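Undergrad: Heads up: the sequence lines are chains R and B, in that order.
Under our numbering, the first sequence has 111 at position 90, and the numbering climbs by one with no breaks.
Under our numbering, the second sequence has 107 at position 103, and the numbering climbs by one with no breaks.
Read the hints as simulated data drawn from the structure, not as lab findings.
Just so we're clear, the structure is a prediction, and the values are computed from it rather than from any experiment.
DSSO-like mimics (lysine-lysine), calculated; alpha carbons at most 30 Å apart, straight line:
id, chain 1, residue 1, chain 2, residue 2
1, R, K86, R, K28
2, R, K117, B, K56
3, R, K28, R, K117
4, B, K106, R, K117
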Amino acid sequence: SAVISQKPSRDICQRGTSLTIQCQVDSQVTMMFWYRQQPGQSLTLIATANQGSEATYESGFVIDKFPISRPNLTFSTLTVSNMSPEDSSIYLCSVKLAGGQGGELFFGEGSRLTVL
Amino acid sequence: GDSVTQMEGPVTLSEEAFLTINCTYTATGYPSLFWYVQYPGEGLQLLLKATKADDKGSNKGFEATYRKETTSFHLEKGSVQVSDSAVYFCALRSGYALNFGKGTSLLVTP
Numbered sequence: 022s023a024v025i026s027q028k029p030s031r032d033i034c035q036r037g038t039s040l041t042i043q044c045q046v047d048s049q050v051t052m053m054f055w056y057r058q059q060p061g062q063s064l065t066l067i068a069t070a071n072q073g074s075e076a077t078y079e080s081g082f083v084i085d086k087f088p089i090s091r092p093n094l095t096f097s098t099l100t101v102s103n104m105s106p107e108d109s110s111i112y113l114c115s116v117k118l119a120g121g122q123g124g125e126l127f128f129g130e131g132s133r134l135t136v137l
Numbered sequence: 005g006d007s008v009t010q011m012e013g014p015v016t017l018s019e020e021a022f023l024t025i026n027c028t029y030t031a032t033g034y035p036s037l038f039w040y041v042q043y044p045g046e047g048l049q050l051l052l053k054a055t056k057a058d059d060k061g062s063n064k065g066f067e068a069t070y071r072k073e074t075t076s077f078h079l080e081k082g083s084v085q086v087s088d089s090a091v092y093f094c095a096l097r098s099g100y101a102l103n104f105g106k107g108t109s110l111l112v113t114p
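Next up, chain B with everything else stripped away, as it sits in the complex (with noise of 0.2 Å):
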């Protein structure tokens, strides 16, 4: 069935550093891409989408980029900050649900 693959984490990064957090994923057909972001005792959040190949996502800086050739959704961003500490998943849309990644954690220091 459709998947998505992302990086173990936890991640730790000071601030200001680049942030990569990879994403692939296993799906019949070209299915939306999504990444949500969990952070410290609140709910799940959309965080970006992409609905189709070479679709770019973005929002708060994060962006990610809908790669068909290598079914790959990475999440990046320029210059993270300590407010960007979280969960963040990897999901693609199957059916009308939406399949998620086991999520990476975030832990950017001052």
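This is chain R alone, in the form it adopts within the complex (with noise of 0.2 Å):
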């Protein structure tokens, strides 16, 4: 397994505002994830966050509302954008570790935001 550090584990943020959550791994992966966890509701993936190019979003989420990065193999960040209270939610980053068989992937904490 590996250690997965997201940073805040949780924020209260104003309407408008924008924040960045930080992913750290601990172990070589070779793909990272951003879902998000509604209130009472299942994972839903918004994207696969690529090593030095643009992430790849799924349907329904868009850049300029969740832009990320990821600089190198083991560090990736989410900002979640001009936020309203819709896009309170636990935001989860998610690893595939290199050598790693059956396809599982790995959980952060995850970050729970509210948005007033």
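Build the complex: two chains, separate frames, hints provided.
TA: Okay, structure coming up:
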């Protein structure tokens, strides 16, 4: 397994502001993803974070709203821009480890955002 | 697209009862299948997995068998404990990412 550190773990934000979430992994990874878990809901894939290039976004998510960076193999950031109360969610960083078998993903503890 | 459907919760059981949480999938081919668990206030953890048909994944007394005939991956445990209270998510591999079911909340009472 791996230690996946996300910061901040939680935050309360004002409408219209932006917040950047960081994800740092202590092991070699091949893939990094960002998921959203809205209150009482399942996990929805936002995007695949690609090293050194633009992220690949899922339907319904756009770069202007959720800009993502991945400057190296083990670090990525997700920004939630111009926030509204509907963005109140847990945002999770997820990784596929190098050498992993079976395709499982490992998850960070999540960043719980509340937008007022 | 590929998707999973799991039974609605919440499920409430008495300690030592038998647990089944149903999960069925729709996919092209035979993707790897997973069960994840989210304990209260904690992150998502891999519980077990199966990578091909007829594989049985097991961990912590939980089991699930990959059945291609019924496109199912039901989670079972013979005797649940209070500490098993959590939300359980069925997932399948789609590309390199995972698609998750809606989750089933389990509450085990003493």
